[in-house]
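S.K.: The listed protein sequences derive, respectively, from chains A and B. Every number in my numbering is 86 more than the matching position in the first sequence, counting from 1. Every number in my numbering is 86 more than the matching position in the second sequence, counting from 1.
Source of the hints: derived by calculation from the structure; they are not laboratory data. Keep in mind that the hints are not guaranteed to be accurate.
A pair counts as met if it fits within one copy or between any two copies, since identical chains are not told apart.
Capping the alpha-carbon separation at 20 Å, the derived lysine to aspartate or glutamate pairs in EDC-like fashion look like this [as the list claims (entries may be wrong)]:
hint : residue 1 : residue 2
1    : LYS406    : ASP364
2    : LYS661    : ASP546
3    : LYS319    : GLU200
There are 2 protein chains.
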Amino acid sequence: MSPVRTGFGAALSAVFLCTLFLATDPAWADEGMWTVHDFPSGAVAERYGASIGPEWLARVQRATVRLDGGCTGSFSSATGLVLTNNHCVWGCIRNLSTDEENLSETGFLAASREQERQCPGARVSVLNGYEDITAAVAEATAGKSETEANAARKAALSRLESECETAGDLSCESVSLYHGGLYFLYKYRRYDDVRLVFAPELPIAAFGGDPDNFNFPRWNLDMSFLRVYEDGKPAATPDFFPWRAAGADEGEAVFVSGHPGSTDRLLSVAELQSLRSDYLPQQLIYYSELRGRMLEWAQTSPEAARQVQQRILGYENGIKVWRNRLSSLADQEQMARKVEAEQALRAAVAEDAELAAAYAGAWDDVERALAAWQTMADDYRYVEGGKGFQGSLFGWAKTLVRGTNEVQKPNEERLRTYRETALPRVEQRLFAATPVDPGFETLLLSFSLDKLREALGPDDPVVRQVLGKQSPRALAGQLVTDTRLADPAFREELWQGGPEAVAASDDPMIALARTVEPYARALRQRYDDEVEAPMNQANERIAQARFAVLGTGVYPDATFTLRVTYGAVEGWVEKGEPVYPFTTMGRTFERATGEDPFRLPQSWLDAREQIDPETRYNFVSTTDIIGGNSGSPVIDAEAELVGLAFDGNIHSIAGNYWFDQRVNRTVSVHTAAMLEALETIYGAEALLRELEVRR
Amino acid sequence: MSPVRTGFGAALSAVFLCTLFLATDPAWADEGMWTVHDFPSGAVAERYGASIGPEWLARVQRATVRLDGGCTGSFSSATGLVLTNNHCVWGCIRNLSTDEENLSETGFLAASREQERQCPGARVSVLNGYEDITAAVAEATAGKSETEANAARKAALSRLESECETAGDLSCESVSLYHGGLYFLYKYRRYDDVRLVFAPELPIAAFGGDPDNFNFPRWNLDMSFLRVYEDGKPAATPDFFPWRAAGADEGEAVFVSGHPGSTDRLLSVAELQSLRSDYLPQQLIYYSELRGRMLEWAQTSPEAARQVQQRILGYENGIKVWRNRLSSLADQEQMARKVEAEQALRAAVAEDAELAAAYAGAWDDVERALAAWQTMADDYRYVEGGKGFQGSLFGWAKTLVRGTNEVQKPNEERLRTYRETALPRVEQRLFAATPVDPGFETLLLSFSLDKLREALGPDDPVVRQVLGKQSPRALAGQLVTDTRLADPAFREELWQGGPEAVAASDDPMIALARTVEPYARALRQRYDDEVEAPMNQANERIAQARFAVLGTGVYPDATFTLRVTYGAVEGWVEKGEPVYPFTTMGRTFERATGEDPFRLPQSWLDAREQIDPETRYNFVSTTDIIGGNSGSPVIDAEAELVGLAFDGNIHSIAGNYWFDQRVNRTVSVHTAAMLEALETIYGAEALLRELEVRR
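Please model the entire structure based on the sequences and the hints provided.
M.R.: Set out below in C-alpha cells:
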C-alpha cells in the first residue's frame, strides 16, 4: 500500500450509495470508515462487547496525525514522537540522502535529539475540532444555475475557511462528505517542523518489494519515527498511544484510526464503467511505461539507482492497485449488485412524485458530465492535469506562473489551490530545500512530453508550441539544464516578485509554463463548467435522494480525513486453504535470498542469533482501510497500540469499490516485532525509554 | 500497422457471426475479407460495375504472396521481384546490419543481382490451390468426446497435410474457416531463398514514427523490394502486377489482396468481454513496461539504439492497436449490436427443437471454457505461452528440448508445431544465421523473468525453480553470456543429436528449457483439454447453427490466408471536417523537423528541388484490411497496381471487431510516389526497367 494518491479518479467519485445495499450481512460486517462524529458505538458494543465512548474517540482523534503528503501517523510519546510507516517517509529519506550517504541503505537512528533531521516540506496535522457547515453552503448555492452554483460553492468554502481561521488559532479545511451530502470544516493544529528520528534500512522495511506488496504472509519492518517540533523544541503532545508489548492477539477486537485517502464505493454505475474503460487503462499504460523507463535508467549509475529505488516501488504499487481495481470491476457478481442497488434507489425515487421531481434527473446529469469529460479527457489530463509536464521543476514553474496571478485576486475568486488558507502550504513546498536530481527530472519531463505528443498528436497546437522542432528528450534535457528553479532562493525571489517578476523572467522552464498556462486555464474552465459543475450538482441531489429514501446511519466515502474502523485479528481462506493471521521474525531469514528485493540488511544478519524467531512480526485484521491509512495505529479497546498498519492484502484493493469481509484484510507490523527490532537489532535505547511500553 | 501478431487472442477467436447483423447497409458496405473461392463478384459488379471473374481472381491469387513472418507482398516482375512494405523487412534489415553498416539508416539498393542479400530465415509462399476437407475432419471427430475429438481433429489435420504433400510437389497447410465451420487444405509454392533488393531509409519509410502510425494524412515511403530465388537463380514468376504510373484516382474502385492475420468479428459476447477485461489490459501493461525499458536501454549506446529502433516501433504499434481495441470494446452502441445479434441467433436456435437440441448449449460451453481459462491464464501465458521467457535464445532452447522429443513420435501424435509438414520451417528458423545481440537478449529475458515472478508470485514452484536465489537480471545476464545457442552450428548439432544430445547438454539455456518443460507441457495439456477442446467444439456447433439459421454467403474471420477485399478511394469525415484522400510529396518537407521521428534522410533533402511536390504520396480507401495485410497490393479492376497498403487509419483498429465503413480506411503508398522516389531520389534505374510500368 502506498500513501494516498489523489488524482482525477477521485474527482470522478461522485455518488454515495447506502451500504445497506452492499454488505452481505450488515449486522455482522466490520465494514466502514467512520467519522469520529458519527461512530457506530452501538454496533461495536454488540459485535465485540467493546465500549467506545466519546472520550475514547476524542483521545484517539488527538493522538492520530495526518502526514500531509498522504499518510497517517500517531503519537507515541508526550514529546511529539510520531510513529508511521517507513514508506511514508521515503521522500524525506531521499531528500536527506546524498551520493555519499544513502539513508535508504544505511537506515537512520538519531543518536540524540540534536541529530534528528528536518524533512524538507513535510507537514503534520492533528484534527482538533469540526463544524457542520452544510446549511451555509446550501445557502450560498440556492437558486443558482449549475455553473454559478459550482463557483458559488467554491467561493463559500474559501470564505468559510478564512473566517474560521480568523476566529481561532487553528487551520481550517472544508471537507465534503457523501459527495456533497454534508459539508464540514475540519480544524487542525499544524506542525511544519517535522524531523526524522528513526528509519530502518529499505531492504527490511520493504522486504519482498513489489512481488510481496499487497500480499500476506509478509515480513516487513515498515516503520519509522518522526518528531514534530514547535519553536525549535519537541512539541508537547499529551495524547498518545501507549504500546502494548504483547501486541495483537488472534480474534481480538482492534481499531484503526487514520486518514483513508479516497474510496469509490458510492459511485454510480456509469462512473464505474468510465473508470473501467478510461481512467484505469490509461493509468496502467502510462505508468507501466514509466516504470520500465525508470528500471532501465536505474541501471545507468549508482546515483540513478538511488534516485529511483523508492520511487519505482511507488509506481509499482500504483500499477498493482490499478490492475487489481480493473479486475475488480470485471467481477460480474459484484457489479450486478451495484446495478441492482442503483436501480432500486432510482425506482424508489421514481415512485414518489416529490422525490422524482427533485432527483430523478440526477443520474442523467452524471452521464452528461461523463460524456463531456470524454470530449476533453486527454487534453485535460496532459495539459492541465500534469501528465504532460512531470517533475518538480515544471511543478514549481506552474505554481509561480499561476499562483502569483491568483493571489492578486480576492480570496473567494481564486482557484481553490491558492485560497488564503492554502497559501502557507503552497509557500512551504515552494521554498523548501528539496534537492533536485537533473537526471531524474530529465527522465520524467522527457517521458511526459513524449506522452503529451502521443496523446494529443503531433499536430495539436499545444504540442506544436511546446516542442517546436525539438524532440521531447532534447527539449527536456535543455530545460532541466538551463532552468534555475532547482534553487529555492530563486523560487522564493520570483514568488515575492509577483506576477511582474514571473512575466519578465527569462528562465526557460518559467517560459514553458507561461506558454502552457492559457491552454491549461481554458481547459480547467471548460472542465469546471462542463464536468465538475453538473457532476457536483448531480451528486448533491443523489446524496439527498439517498438520505430521503434510505435515511442516515451509513458512512461517507473516504476523503483523506479522520476515520475510525473496527474489526478483529483474523486470517481468511485463500483457494480453500486457511491463511494464519501472524508471521514470525524467524521465517524472514529463511525467505531471504541475498538479492533484492529479498535481501536482508547487515544489521539483521548480524543480530540473527539474538532475535527470538517466534516473535510475532506481521499480522492481518478485518478492519476496513485503504491508501492514506498507511502508518495508521492499530489499537485495542483500551486505545493501546498493538500494531502499525502498512498494507492490505490483495483483496483489499477491491475495497475501493466494496468491502468483502470474507477476504479483505489489513496488514500490520506487530508491536512485539517493533520492540524486538528496536532493542535487539537497532539498540535504540533512548527511543525505548521514551515509549510508554505496557508489558 | 504491423505484421500480423498471432497470439492467444487469436486462439480465443471463436464464433462467426453473420455480417447481415452488423453492417449498417449491407448492400452498400465495402465490408469483407473474402476468400478467392467465395468472392462476391455479383455484389462488386452491382456496386462498382467491375467484372471480377475466376480468371482475374486466379491471376491475383498467383501474383500475391505471403511473407511467412506475418506480411503480404506481390510480384512486380516475371523474375521474382516482390513488392512489400519496408516495415515487413525490418527483421531482414536488422539481421543484415552491423555496428559499422546500419542499413536502416543508409537504406539499401542492390547495384546488381549479385548484390541482393539473403534474408536469414525468411520464407515466401504463394497459394497454388485449395481443397475442402470439412467432411474428412468431421468423420475423424464423429461420435467422440470433447477432448478425444480435439485430439482427433489435430491428428486428422496433420495426416491430411502429409498425404497432400506426398501426392504433389506443393506444401500443404490446413486452415479452419468460420472457426471450424469449414476446413480447407491450402497448397503453397514455397521460396526459402529470399533476398533484399531495395529498402529506403527508416526515417522516411516510417516518417512520423509512432505518433503518426495509424493516422492520416500521412507521408510514408513504406516500401521495399525483395526477390525470391530458386536454385540460386531468380525464380520465374509469370503472374505479376504491372504498375499503373498514374496510380489510384479519387472515387475509383480498388481491390486489396493479401493475408489478413486475424479478426475477432465473429466472437461471442462472452469472449469479447474476456478480451476487454483480461487479454487487452494485460498485453498493454506488459508491453508498455517493455517499451519503456527499451527506450531507455536504447540511450545507453549507439549499438543498443540500432538493436531496438525498429523493434520499439513494433511494440508501439501493438500498444496503439490494443489500446484502441480496448476503447472500441467500450463503444456501448456497437457492443449492444453484438449482444442483439447473438440474442437473435440464440432465440432462433431455441425456437427450433432440432436446432436447440444440437446447438443451444454451445454458448454455455464457451463460458465454461473461458472460466477454465481464467483459472490458468497467467500460468499458461508466462510458462508455456512465452511471456516469462522471451528472446531468441530461449526460443531455440525450447525448440530443441521439445522438438527433438516430438519428432520421435508418429506424425499424428505430435504437437502440431512439429508435424511433418511443419518441420522444414522449424529447421529453417533454427539453423538460420540470425545474429544475436547479447545486450538485447539480456534485456528481454531479464524483463520477462521479472514479469514471470510478478505474475505468478515469488512462491510459485516454477518461479522458485527457475530463479533460485538469483535476481531476474543476474540470471538473465549469466544465461545469455554462458549459452552457446547463438551459434547456428551448435543449434544444428544439438538438433541432429536428437533428444539424447539435448538431455546430455550442459548448456545453461538448454538446462533452463529442460527445467521449464514439464511445467509447460502440463499447462498445455490442461489448456488443450479444458479450454481448447470445449472452445473448438462449441465453435463448430455455433458455426453450424449460423449456417442453419442464416445460410451462407458471409465471409469468415481472417486467418492469415489469402483474401480479397474491395472498396473505393475515398476520404472520410473526422469531427465534422472532411479528410481529403491524398497527400503529396511536397508537404513532407514542411512537416520535417530534423528530429526523429520527423527527420528526413539526406537523400530526400538532396533531391528536394527535383521532386514534383504535387506528386500523390499516400492515400486512403474504404477497403477492409487488418494486420497481415501490410505489403498488400492495391490494384484496380484491371489488376494493375495503383498502390501499396501499409496501414489503416485509427478507426481501422476497431475493424478487429466490426467494419464501420463511415470511418474505417486503408492507408497506402501511391504508385506515383513510389516511381518518383525510385527515379528521382534513389536512381534505381535497373528496378525501373524491370517493372512493367503502364503510363
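S.K.: Give a verdict on every hint.
M.R.: A quick look at each hint next to the structure:
1. LYS406 with ASP364: Both: 17 Å inside a copy, 15 Å across copies.
2. LYS661 with ASP546: Answer is between; shortest inter-copy Cα gap is 14 Å, intra-copy 50 Å.
3. LYS319 with GLU200: Within one copy only: 10 Å inside, 85 Å across.
Hint violations for this structure: none, all hints satisfied.
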